[in-house]
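Novice: So you can see what is in the structure, the chains are spelled out below.
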Amino acid sequence: MSLAGETNASAQAGANSVNWLRLLPWGLAVVLLAILPFVFGSGAGLTVLNQMAITIIFALAYNMLLGQGGMLSFGHAVYMGLGGFFCVHLMNRVEFDGLWLPLPLLPLFGGLFGLLFAVIVGSFSTRRAGTVFAMISLGVGELIAACSIIIVAFFGGEEGVSADRTMGPALLGIDFSSQKEVYYLSACWLLISAAAMYLYSRTPVGRMANAVRDNEERAEFLGYSQRKVRFMSFCASGFFAGIAGALFAINFEILTEENLNLATSGSVLLITFLGGVGFFVGPIIGAIVFTLLQTVLSLFTEIWQLYLGILFVMTVMFFPFGLTGLIAIHFRPYQLGKLGTLIIPYALIAGPALGFALGSACVMEILFHARHAALGDETMTLLGVSFNSHSPAPLLLAVAVAGLSVWALRKLLPAFKDAWDEANHAGDAS
Amino acid sequence: MSLVLVNLLDGLVTGLLLFMLCSGLTLIFSMMGVLNFAHASFFMLGAYFAYQISTYVGFWPGLLIAPVVVGVAGALVERYGLRRVHKHGHVPELIFTFGLALLIEEVVQFFWGKSQMAFEEPEILKFAAFSIAGNAFPAYKVFMIFVAVGIFLALLYILTKTRVGMIIQAALSYPETVQNLGHNVPLVFMGVFGVGTALAGLAGVMAGPVLGTFPGMAVVLGSIVFVTIVVGGLGSLWGALAASLLIGWLQTFAASYNVTMKDVLTSVGLSEPADLATSALRDLWTLTLPQIGPILPYLLMVLVLAFRPQGLFGKRET
Amino acid sequence: MRKLAGLLLGAIIAISSTAMAWAADTVKIAFIDPLSGPFAATGEQGLAHYRFAVDELVNKNGGVLGGKKLEIVPFDNKISAKESLIQLKVAIDQGIRFIAQGNSSGVANALTEAIKKHNKRNPDKRVLFMNYSAVDPALTNAKCNFWHFRFDANADIKMDALTDIIAKKDDIKKIYLIGQDYSFGKAVAAAAVKYIGAKRPDIEIVGNELHPIGKVKDFTPYARKIMASGADAIITGNWGSDMVGLGKSVLASGFKKPIYTYYAASTGITKTFGADGKGPLKLVQEGMINPPASERAAAYMKAFKAKHPNKDMGQPRIANVVEMLAKAIDKVGNATDMVAVAKALEGMEHEGIFGSKIVMRAKDHQAIQDVHILAHTDEDITFDLDNSGFGLKVESTVKMAAADSATTCKMKRP
Chain A
1 MSLAGETNAS AQAGANSVNW LRLLPWGLAV VLLAILPFVF GSGAGLTVLN QMAITIIFAL
61 AYNMLLGQGG MLSFGHAVYM GLGGFFCVHL MNRVEFDGLW LPLPLLPLFG GLFGLLFAVI
121 VGSFSTRRAG TVFAMISLGV GELIAACSII IVAFFGGEEG VSADRTMGPA LLGIDFSSQK
181 EVYYLSACWL LISAAAMYLY SRTPVGRMAN AVRDNEERAE FLGYSQRKVR FMSFCASGFF
241 AGIAGALFAI NFEILTEENL NLATSGSVLL ITFLGGVGFF VGPIIGAIVF TLLQTVLSLF
301 TEIWQLYLGI LFVMTVMFFP FGLTGLIAIH FRPYQLGKLG TLIIPYALIA GPALGFALGS
361 ACVMEILFHA RHAALGDETM TLLGVSFNSH SPAPLLLAVA VAGLSVWALR KLLPAFKDAW
421 DEANHAGDAS
Chain B
1001 MSLVLVNLLD GLVTGLLLFM LCSGLTLIFS MMGVLNFAHA SFFMLGAYFA YQISTYVGFW
1061 PGLLIAPVVV GVAGALVERY GLRRVHKHGH VPELIFTFGL ALLIEEVVQF FWGKSQMAFE
1121 EPEILKFAAF SIAGNAFPAY KVFMIFVAVG IFLALLYILT KTRVGMIIQA ALSYPETVQN
1181 LGHNVPLVFM GVFGVGTALA GLAGVMAGPV LGTFPGMAVV LGSIVFVTIV VGGLGSLWGA
1241 LAASLLIGWL QTFAASYNVT MKDVLTSVGL SEPADLATSA LRDLWTLTLP QIGPILPYLL
1301 MVLVLAFRPQ GLFGKRET
Chain C
2001 MRKLAGLLLG AIIAISSTAM AWAADTVKIA FIDPLSGPFA ATGEQGLAHY RFAVDELVNK
2061 NGGVLGGKKL EIVPFDNKIS AKESLIQLKV AIDQGIRFIA QGNSSGVANA LTEAIKKHNK
2121 RNPDKRVLFM NYSAVDPALT NAKCNFWHFR FDANADIKMD ALTDIIAKKD DIKKIYLIGQ
2181 DYSFGKAVAA AAVKYIGAKR PDIEIVGNEL HPIGKVKDFT PYARKIMASG ADAIITGNWG
2241 SDMVGLGKSV LASGFKKPIY TYYAASTGIT KTFGADGKGP LKLVQEGMIN PPASERAAAY
2301 MKAFKAKHPN KDMGQPRIAN VVEMLAKAID KVGNATDMVA VAKALEGMEH EGIFGSKIVM
2361 RAKDHQAIQD VHILAHTDED ITFDLDNSGF GLKVESTVKM AAADSATTCK MKRP
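Protein chains in written order, with the working numbering: chain A, 1 to 430; chain B, 1001 to 1318; chain C, 2001 to 2414.
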């Protein structure tokens, strides 16, 4: 998918003429999505892929608000969750009341239900942007999450509502009992939604969302109602969040309170920001990385959430444009043909950087083990080495590695910065 | 009648506790324009630090030391975190404090684990100060009331009557002018953030023994603190006090009286559906006031924001 | 980026499959419970006990199937239904056929549904669900299925036992019911109303209310209401911080009469209540800790405490899960034919280490066993909780509680 987001929109002034090169990323995405299940055919692999697809749609929808519209929401899980709950009920109607509804169409209804709710809430929450919007979204989010426990008829209380996806009319003999069939369904809807959201950002309404984000007053002077523009973005975002919710319902066959609560709303903010809010692909990268981190890290360490928190705070502090921003800043050296000159500086700092990351992670792991492991259970294994977590030597070693790495980094960074400036500088070295 | 009196007192304690948290938050907001999502996390840190200190030297030193430690931590966060993010605008600031809240919860679990800590009020205050119709009122809660009122008076005095307060108020509205007058505005900001978080820490020390000291204590209070200052009007000390008390009483009275929706609905002439167990409206009919008590503040906030975005006492829009 | 993701994913799967091959000679049990987040303390205790139980009770005595060892593989479900389903898939992918879970009835409901669907869709990879703690009665009634076995006494059975004891206390005339507003809290309240009405119609239920789960910051208003109602006893199913909050507020308001609870112990709760809770605080639970049921039980707990001085044996039934499963596997002769293992578990009678006979009732897969009323105290405590000096002492016992109780379960057997 195209890396070019609205930040360098001027570079694509001639976007109206069909540019076949621009379709290339989409073509690659189709091929990749089609062959992925052959690489990871196992149930767990497919589950992770399905989860990724759902998260990507949700994060893209969220970024329609945060990145494109400048609206910070602390309650966006509500629209995904409500869309999902509605779809679970639809599936149950299919199973018990004989409603004729093929499963592949279900996400459309989830989207419409998300849209309906976005229209209702958006009618008063989008009057203002900024903190007011953020606080209303928080309030509405908490309200709906609390209602989910109270209104048992719709939300099923604490245990949620479950359904069976295989009960619908089978089209072409596909009843969606296998993970692979569900994966292809999710992948199709991922492509449709991503393309639709991309195209939306190119329409005049999508462009106006950016204008309102950047300067409300100027947009008003141009004759656009900033409130209407925000409302449109909000509704569109609610629609796609609803689609994500429907796919969640199909994949997990259960919706619970946690689909609506602040933690889910917070994690989509985290994902989107981690990926980079200024780029269309930002949320996609964020969703992939986050899902992998969640799955992989929690396999290897108990304190994965601590790492995630550190990573997030670091990102906000040092890379406010997210992972995609990190990739995008290499675009200029690439254009200048100087990307190659960065290889050696990168290789030089890679060692200490890795040393610092591993060293400090080891310090934390050892401390955690020494503090919380069972008595007598003093051996722990890190990076394939077993040792006694209560003896000071390993801890000192880890501290020393981290400290030395910091020292080396401080030594190496000025040279790296020079190389970086040089790579971003047009023309020969001055 | 006596129950109403007891509820009034209980609500006062809840409200004043909320005020101790909100006063710091609203101070920080009015100075720096940033809503500190991690405020309740500093509250939690206060409780945990005080617990740790109390295991060595008892409750009272903890009451004094823990808020100072939290304040210093807060000032460091401002200096090395928030100030760096500040240049990117308010949204990244909000996101930063949001991330910080997650991080602090993890850090607390890293050091103290996930169980509830046995943090208790001091022995000397472990008696019933008085009782009304058989309801004991613990001396510790009386102590809480005095501390909270003391903080309110001290803040009011500092902000309106002292030179430091003048500078803070001026820096609020005209930061550049104040800077040009030779005052160190970043230092003022750092100080305000430190004091604000120290107040949250103090609230944590006070609340730890009553509400329990566990890793989820920040989340439970986190968003309610926002609700309070938004309802009261961002940046207004009086607003924070009024909204805290309002929400304290709202929650206490909502939890105390079993008004059921059934009574309300039948009193307006509706009759209970015969097939209640399967009716789609069954949840409406079985609803009670204590059930919806905790969501009333959020409802209040959404209403206030939709109709009076500056809050009850606020002068400017958020 | 996607390629990188793909590579990573490949790496994980490669790692997990090598781990599988490496330990292929063990019979694995997936432990799916919270190991991070607010309920991790309970999950970690359960995991420690499971690991201890398989080693102590099975592996040291020669394992199962003539030498294979039982192995516990932990999966962190973050107490989320969604994560549990993901972890279930991962576990099944690793070839694990036994799933143990207990914390949160919501998660158990999600798992039992998912396992039912999985077993229907994949008859060659069926799995069994060992529910060791989730006590929502629905799991062995309306929502029962052939693959689910519950080893704890469910909320109804515990209430049946509790009300047997309450019925004998003539000084109790008024009872206040309070619980968390969700399926389990409602089940406790409904059972209390039913059994008290049947056994002691003269007892007045002066309060029956549900509060939002995990949302109440200060329980004082509830405590005031309880005081005002003049209740002689409180019954609550609250757990976690809701239990601590409620208990502390009620005690601080001057309540001196019995508070009957389901979960007011361990993971910091016992320590927090300390001396304040002595007298009023009671617990209904299976498993006899104090006094120890036998020399064997005492040695077992002592060895556990030596290994995990900061953890408690909060869920004694875990020992029964391990022993009964091992018995069933040995009886069938393999650990792959799940229908046969399930049939072996059905109706199994077992002498539990904690002094009670356990019968896995065939009609609904609910374990029937002795249920005790325990008192929170520091007297005659051999094994305390939270290292606080306080622990749970058996006050009275209901033998084979609710053995002939009715069930609405219509078990469909393959």
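Source of the hints: derived by calculation from the structure; they are not laboratory data.
Hints should not be assumed to be uniformly reliable.
Stated by the list, open to error - Below 27 Å or equal to it, Euclidean Cα-Cα: the simulated BS3-like pairs (lysine-lysine) are:
#1 C:K2410 with C:K2393
#2 C:K2257 with B:K1126
#3 B:K1126 with C:K2271
As the list claims (entries may be wrong) - Anything over 12 Å on all C-beta distances counts as not near chain B; from chain C, calculated:
#4 G2062
#5 K2168
#6 I2172
#7 I2203
#8 M2227
#9 A2228
#10 M2243
#11 K2271
#12 N2290
#13 A2303
#14 D2330
#15 K2331
#16 A2406
#17 K2412
No residue lacks a Cβ here, since even glycine has one placed at the ideal position from N, Cα and C.
Novice: State for each hint whether it applies.
Specialist: Hint check results:
1. A hinted pair counts as satisfied when its Cα atoms are at most 27 Å apart, and C:K2410 with C:K2393 does not qualify at roughly 38 Å.
2. Between C:K2257 and B:K1126 the alpha-carbon distance is near 19 Å, which keeps this suggested pair within the 27 Å criterion.
3. Distance hint between B:K1126 and C:K2271 is fulfilled; the C-alpha atoms sit about 17 Å from each other, no more than 27 Å.
4. Look at C:G2062: its CB is around 36 Å from the nearest CB on chain B, clear of 12 Å, so calling it non-interface holds up.
5. Separation of C:K2168 from chain B is adequate, the least Cβ-Cβ distance of about 27 Å exceeding the 12 Å criterion.
6. The beta carbon of C:I2172 sits about 18 Å from the closest Cβ of chain B, which is more than 12 Å, so the claim that it is off the interface holds.
7. Chain B leaves C:I2203 outside its interface by the beta-carbon criterion, the shortest separation being 19 Å against a cut-off of 12 Å.
8. Listed as a non-interface residue, C:M2227 fails to keep its Cβ farther than 12 Å from every Cβ of chain B; the least gap is roughly 5 Å.
9. A Cβ of chain B approaches the Cβ of C:A2228 within 12 Å, the least distance being about 5 Å, so the stated non-interface status is violated.
10. Distance check for C:M2243 against chain B: the nearest CB is about 10 Å away, which does not clear 12 Å, and the non-interface claim fails.
11. Residue placement check: C:K2271 does not keep its beta carbon more than 12 Å from all beta carbons of chain B (closest about 4 Å).
12. No Cβ of chain B approaches the Cβ of C:N2290 within 12 Å, the least distance being about 20 Å, so the stated non-interface status holds.
13. Consistency note on C:A2303: stated as away from chain B, and its beta-carbon is indeed over 12 Å from all of that chain's, at 23 Å minimum.
14. The non-interface label for C:D2330 is consistent with chain B: the shortest C-beta to C-beta separation is roughly 37 Å, beyond 12 Å.
15. With a least beta-carbon separation of about 39 Å from chain B, C:K2331 lies farther than 12 Å from that chain, consistent with its non-interface assignment.
16. Chain B leaves C:A2406 outside its interface by the beta-carbon criterion, the shortest separation being 19 Å against a cut-off of 12 Å.
17. No beta-carbon of chain B comes within 12 Å of the beta-carbon of C:K2412; the shortest separation is about 24 Å.
In this structure, the hints that do not hold are numbers 1, 8, 9, 10 and 11, in rising order.
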